[in-house]
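Fit chain D to the supplied structure of chain F, relying on the hints for placement.
Line order of the protein sequences matches chains F and D.
Under the numbering used here, think of the first position of the first sequence as 1, with each following residue one higher.
Under the numbering used here, think of the first position of the second sequence as 1, with each following residue one higher.
Treat the hints with caution; some may be incorrect.
Unchecked claim - Straight-line C-alpha distance at most 27 Å; calculated DSSO-like pairs for lysine-lysine:
| id | chain 1 | residue 1 | chain 2 | residue 2 |
| --- | --- | --- | --- | --- |
| 1 | D | Lys-26 | F | Lys-57 |
| 2 | D | Lys-59 | D | Lys-37 |
| 3 | D | Lys-26 | D | Lys-68 |
| 4 | D | Lys-26 | D | Lys-92 |
| 5 | D | Lys-92 | F | Lys-57 |
| 6 | D | Lys-92 | D | Lys-55 |
| 7 | D | Lys-55 | F | Lys-57 |
| 8 | F | Lys-57 | D | Lys-50 |
Calculated from the structure, these hints are not laboratory results.
Here's the letter readout for the chains.
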Amino acid sequence: KAGVTQTPRYLIKTRGQQVTLSCSPISGHRSVSWYQQTPGQGLQFLFEYFSETQRNKGNFPGRFSGRQFSNSRSEMNVSTLELGDSALYLCASSPSSGARQPQHFGDGTRLSIL
Amino acid sequence: QQPVQSPQAVILREGEDAVINCSSSKALYSVHWYRQKHGEAPVFLMILLKGGEQKGHDKISASFNEKKQQSSLYLTASQLSYSGTYFCGTEKETSGSRLTFGEGTQLTVNP
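For reference, chain F alone in the conformation it holds in the complex (with noise of 0.2 Å):
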């Protein structure tokens, strides 16, 4: 079974423009949840996506958006980076939403700013 796939792997960018990352969850899994790591801050909530729909939302600005597609695949999109974006975006993926079931990680997307 393919595990969570998160594309693209790094990403270099520069401050005011924006980004698209994309994150494919295992077979059968409905819930994608998105984490920003940094080594200041550890793992912080970003949003999770359940049934193409926003199911929970962490304490980023508005800058910081996501989606979800009907064959579950999710994007997450940054406008107006800042050099504080720069981070690893990792996204974790389970079968149904709620926080009572272990969460799949991808490999991250690591974006820099510059």
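Frame of chain F, contents of chain D only:
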């Protein structure tokens, strides 16, 4: 509010035991444990639910004290492969599906 993990780092020799703790000031519904090796994705280890249910690997043991809102991960007879950063993620009773992670405990197992 972020759970507090302790210790921040620990160094062991192969075969030694370790305990990693995770505490929260909020009422919790579940506690998750993950291990992340450098440059890799976090890997699920264990979920402990309010009420005593546990889901996880047979070789990993953990506890969840609901009264104190504390969880502990027990690593016995450590192996080199146990090295990595261990994260606890907590779900509050009122947070829905949102996990809040601690800052991690870096575990190094030496030969």
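Verification of the supplied hints:
1. D:Lys-26 - F:Lys-57: 19 Å, holds
2. D:Lys-59 - D:Lys-37: 18 Å, holds
3. D:Lys-26 - D:Lys-68: Holds, at about 10 Å.
4. D:Lys-26 - D:Lys-92: 7 Å, holds
5. D:Lys-92 - F:Lys-57: With a Cα-Cα distance of about 14 Å, the restraint between Lys-92 (chain D) and Lys-57 (chain F) holds, given a limit of 27 Å.
6. D:Lys-92 - D:Lys-55: 18 Å, holds
7. D:Lys-55 - F:Lys-57: Answer holds: Lys-55 (chain D) to Lys-57 (chain F) is near 26 Å, not above 27 Å.
8. F:Lys-57 - D:Lys-50: 23 Å, holds
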